[in-house]
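S.K.: Here is what each chain is made of, one letter per residue.
Number of protein chains: 2
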Amino acid sequence: MGKILRVDLSSGKIAEEEVKEKEFRKFLGCRGLGARYLFEVKRGADPLGPENKLIFMTGLLTGTGFPTAGRYDTVAKSPQTGFYGHANSAGFWGVDFKRTGFDGIIFEGISPKPVYLLVEDGRAELRGAGHLWGKGVHETTRILKEELGEKFNVACIGPAGENLVRYASILNDLNRAAGRCGMGTVMGSKRLKAVAVRGTKKVEVADPDRLKELIRETVESVSQNMLKMSLENFGTESGFDMVNAQGGMPTRNWQEGVFPSGDKINGPALADRLLMGNKGCYACPIRCARLTEVKSGPYACRTEGPEYESVGALGSMCGVDDLEAITYAHHLCNDYGMDVISTGSTIAFAMECFERGILTREDTGGIELRFGNAEAMVQMVHGIARREGIGNLLAEGTKRMSERLGRGTERFAMHSKGLEFAAYDPRAAKIVGLSYATSNRGGCHIDAYVQLQAFIGAPHPILPEDIRDPFFDPRSEDPILGRVVKETQDAYAAVEGLGMCKFLGGWMMTADKVAEVVRAVTGWKDFDEREFRRCGERIYNLERMFGVREGMNRSHDTLPKRLLEEPHPSGPAAGEVVHLEPMLEAYYRYRGWDQNGIPTREKLAELDLLDLPMG
Amino acid sequence: MGKILRVDLSSGKIAEEEVKEKEFRKFLGCRGLGARYLFEVKRGADPLGPENKLIFMTGLLTGTGFPTAGRYDTVAKSPQTGFYGHANSAGFWGVDFKRTGFDGIIFEGISPKPVYLLVEDGRAELRGAGHLWGKGVHETTRILKEELGEKFNVACIGPAGENLVRYASILNDLNRAAGRCGMGTVMGSKRLKAVAVRGTKKVEVADPDRLKELIRETVESVSQNMLKMSLENFGTESGFDMVNAQGGMPTRNWQEGVFPSGDKINGPALADRLLMGNKGCYACPIRCARLTEVKSGPYACRTEGPEYESVGALGSMCGVDDLEAITYAHHLCNDYGMDVISTGSTIAFAMECFERGILTREDTGGIELRFGNAEAMVQMVHGIARREGIGNLLAEGTKRMSERLGRGTERFAMHSKGLEFAAYDPRAAKIVGLSYATSNRGGCHIDAYVQLQAFIGAPHPILPEDIRDPFFDPRSEDPILGRVVKETQDAYAAVEGLGMCKFLGGWMMTADKVAEVVRAVTGWKDFDEREFRRCGERIYNLERMFGVREGMNRSHDTLPKRLLEEPHPSGPAAGEVVHLEPMLEAYYRYRGWDQNGIPTREKLAELDLLDLPMG
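Taken in order, these protein sequences are the chains called D and Y.
All the letters of the first sequence, read from the start, carry residue numbers 1 to 615 under the working numbering.
All the letters of the second sequence, read from the start, carry residue numbers 1 to 615 under the working numbering.
Hints may be right or wrong, so weigh each one.
One copy or two, it doesn't matter: identical chains are merged, so the pair holds either way.
As the list claims (entries may be wrong) - Under the rule of at most 20 Å between Cα atoms (straight-line distance), these lysine to aspartate or glutamate pairs were calculated in the DMTMM-like manner: (1) LYS22 x ASP121; (2) LYS264 x ASP321; (3) LYS264 x GLU324.
Hints in this document: simulated from the structure, not taken from any laboratory.
Please construct the entire structure, taking both the sequences and the accompanying hints into account.
M.R.: Dropping the structure here:
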């Protein structure tokens with residue numbers, strides 16, 4: 001049914017392999033199929049060594065024309081967590097790649113010199129990238145398009161990936177990022193600069209007429225959707241005000257939950273001051289991306305963004321309310337190829353260390369690394385990407401940095417399993433704490449996209465019907481939240497496995513409807529909501545098992561003490577901490593895992609996952 | 001079943017009258033029952049003369065403990081439109097009044113001297129109000145509470161009502177306004193300063209256990225509702241950003257649709273800068289009211305608000321982006337007892353006249369009445385309430401003012417039937433234009449609360465199921481919008497007839513559920529969704545017939561030429577005008593009215609309204 005490329009970067013050998021239909025039916029594609037292939041990596045392998053693999057994988061729906069189905073995933077053992085890592089991205093790259101006739105690529109080994117992979121309609125070739133090494137994402141993209149032609153689409157790393165910044169990202173279509181878990185770092189460690197693709201083949205579909213109907217129906221049904229309209233107008237910053245109003249906006253490295261000048265950096269401020277237009281990814285009726293321009297001053301730039309998470313990490317976490325500086329720093333992160341969330345979070349952590357005297361002006365090379373210092377924040381972005389001065393330490397990320405600094409800093413080192421958190425404080429909505437703590441890839445906010453329900457009260461149509469209407473309070477510690485987190489993690493694993501965007505697939509469609517789309521695309525006549533959920537659960541357990549193989553257990557499913565023990569000092573969530581353990585217990589029960597957080601044999605048998613190579 | 005007071009202010013005579021159960025079942029209460037009684041006013045009566053009546057009426061659910069069911073309505077022939085007028089309000093006054101044992105009051109005639117009515121547990125008494133005349137709402141309330149006791153609740157007028165400003169309002173609980181249609185003007189013309197009430201009787205309910213269950217269920221079901229959470233956090237300004245982003249925010253007297261510094265006056269700006277807390281009306285789980293404080297400067301005040309409509313009318317319509325000045329002007333409007341929407345709109349109209357040279361500095365007494373001049377806007381509020389200088393002209397409202405000024409000003413005199421519009425530009429969402437044009441009380445935005453669906457995409461659960469999901473585009477001119485407007489007008493007439501808040505009754509409940517509540521309260525075992533809708537349609541037709549009796553027809557169902565002929569110059573709705581006629585035609589068809597906008601005999605028969613005194 002499918003075909004992937006296997007590229008041995010050490011030897012330069014490229015091979016093609018078939019992917020059987022039953023593999024797609026089990027794992028759907030993207031992060032699901034990617035995770036299955038990741039078990040080829042042997043246990044204990046160094047994430048930055050030749051034994052790690054970097055997998056690019058598209059989904060079953062990618063490129064079929066179904067709304068938002070243009071995504072691809074990058075999968076590897078994460079240099080941030082040492083567990084399963086993945087990051088997915090949209091734009092058009094995934095579709096352009098799939099149109100070459102391939103579904104994915106597995107990169108192995110390490111190239112002796114910088115290279116890029118060129119894939120064009122059924123053929124692939126490694127080429128020297130010496131002339132691109134050291135260049136930013138935007139210039140790299142421009143040069144490759146000049147050399148190969150405008151129709152080529154480029155996914156690449158910037159200097160951050162080359163310099164092995166632990167949280168380097170991979171960018172495609174200039175500003176679309178596979179941001180988290182250090183996938184760009186793995187790419188840099190392999191000396192792979194870019195993957196340039198061009199495809200003209202049509203993505204085959206079993207029942208094109210039915211699919212066309214479903215596309216029309218879906219576009220129509222979301223056209224007046226409340227979340228769609230909000231995203232269209234304010235992008236991912238749509239929820240900023242609600243999070244801030246409820247005390248959930250991490251401020252000054254999570255010391256507080258209300259950012260006092262939120263009105264300077266929120267969605268309307270962005271719209272009023274910087275917005276030039278909006279933009280959609282492949283086949284997207286939502287178009288949440290912001291085209292922005294800072295017209296003058298030290299932060300002048302034309303870019304896409306910032307996203308909510310950029311404003312949270314580079315803004316409120318750092319105490320910075322200068323929207324132009326945030327936008328510029330976001331733009332730099334994209335050009336250097338660095339995850340915005342981990343970058344901003346780590347800077348915020350360093351700022352608190354500085355204010356507490358744990359870092360000094362001597363350490364920072366004279367920089368006053370204080371909260372609210374926008375210039376210092378921007379300087380840090382440069383320093384991290386280039387590993388210059390104190391930036392070399394920050395480039396290791398919050399977890400490793402706190403381990404090196406010691407002196408009790410782990411208390412306010414804001415990460416789980418080594419991955420920094422997105423900008424939602426779980427003390428204001430406990431369900432978010434459970435989702436951060438249990439995510440297989442670390443402090444991730446989109447494995448279970450629960451903060452939207454928690455802070456905005458938005459419905460979650462992808463959930464099973466009996467928990468779809470939030471009769472429970474996501475801000476509470478109700479044990480039922482264990483089930484809600486499990487079900488969202490599973491449903492989204494399937495949505496992402498298919499190559500769809502969560503905004504549409506999770507917030508605006510029911511599982512029943514998604515299953516119908518899968519039937520139309522694949523011809524699997526009996527693929528139903530039940531199988532959709534089972535696929536999602538299988539993918540989630542599969543990813544968990546990759547972690548378990550590397551030693552993951554309950555002790556890793558936790559949060560920093562700041563969230564568990566330090567009551568919020570002020571605002572609507574004043575006095576709150578997260579009581580994680582009872583929620584975790586309920587979660588494991590709903591998951592069918594043992595109380596050490598390990599999937600039971602029965603669960604693995606149920607999901608047809610007994611054949612995993614656990615060596 | 002019920003009991004009302006009839007107070008002849010000319011003679012001072014007070015009588016009690018029974019209201020039969022079948023009247024409640026036909027008209028539900030509040031504006032419904034009030035409209036029925038208004039037919040006592042003889043055709044052609046002067047709204048400010050002794051023949052007009054001012055009716056205070058509570059609803060079937062008022063005071064039963066059901067969430068938000070604390071409203072009362074004021075009904076009279078409107079001095080702004082000459083047609084049917086009503087304005088309702090919440091807070092606690094309606095409940096405190098109903099607990100005296102009465103359901104309503106009909107005021108007739110004109111008192112020879114200022115009086116107030118005192119109602120306490122089954123008895124009523126007129127008292128002299130000479131010492132209150134000339135005083136603001138806040139002082140009047142304070143004095144009456146001092147004289148009568150803290151437990152008395154006061155609904156009263158301020159100087160604007162006394163001075164017969166055409167759009168004077170009635171306020172209760174200090175800052176809750178029955179704002180529109182000049183109900184305070186009618187009260188002033190009758191020399192009735194206040195109605196002070198205290199009741200300790202319990203409101204009787206047929207099935208208290210079932211009602212208790214329904215209350216619990218409703219509170220639970222709305223606790224995580226998206227609109228509820230947004231209203232709780234940002235009050236009625238919740239929608240500001242979406243309206244502005246879509247080009248629907250009337251700016252500089254509707255010359256443009258995007259207010260460029262929206263981020264200075266929107267909900268988050270209010271929350272970040274002025275908000276002290278929020279507050280709910282009787283039995284309200286939503287709590288949208290804002291407790292605010294301007295701490296220093298010329299606009300220092302402690303108040304409630306501003307609401308979205310204040311920010312729209314006193315802010316963007318006037319080109320004013322000074323949130324403190326807007327808050328202060330809103331506060332003044334409440335204390336003077338003047339409708340904020342008509343006040344701000346009329347000032348904006350005057351500003352355009354000034355900028356066009358139609359009004360001069362000579363006319364304004366030297367005031368530079370230009371857009372953006374916050375100080376001039378505040379001065380105008382004082383001037384209107386006191387009828388000082390040019391304020392005397394503005395006190396007549398936009399319609400009469402443009403009639404006096406002539407010179408083509410009617411083109412941009414922004415009202416329908418004499419009532420100024422709320423802050424949603426129909427050129428950005430045509431359905432709003434149809435709702436403004438067809439409202440019985442003039443340019444009203446809440447008869448059919450369609451702008452929420454149009455600008456935010458919010459669901460409208462009170463609608464019939466087949467048009468509940470907005471498969472249609474409310475920004476289009478689709479004929480189906482005629483039906484949507486009809487159905488929302490009807491449904492909301494019933495919701496308001498019952499004494500509920502539209503936020504809960506319209507946006508968060510189905511008609512089926514509301515009917516269930518009515519059954520529990522009244523014991524009318526066969527009252528169902530169908531009867532609920534029929535009651536609403538009856539009320540709407542009844543109100544229309546009051547207008548028809550006064551000469552209302554299709555020619556009144558229109559919009560100013562600015563909306564019909566002047567394309568929006570810029571923003572997302574650039575180039576748009578409202579093509580009203582085809583929508584109007586469809587609307588009349590769905591209504592079962594003739595194409596002159598008159599309910600047919602068949603329709604009146606169907607609604608059991610053939611017995612109306614049309615003399």
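S.K.: Against each hint, give a clear statement of whether it holds in the structure.
M.R.: Results for each hint:
1. Within a single copy, LYS22 and ASP121 get their C-alpha atoms no closer than 25 Å, and across copies no closer than 78 Å, so neither meets the 20 Å cut-off.
2. Taking the closest pair of Cα atoms, LYS264 and ASP321 come within 20 Å of each other both inside a single copy (6 Å) and across two copies (15 Å).
3. Taking the shortest alpha-carbon separations for LYS264 and GLU324, both the intra-copy value of 10 Å and the inter-copy value of 17 Å come in at or below 20 Å.
When the structure is compared with the earlier hints, a violation turns up for hint 1 alone.
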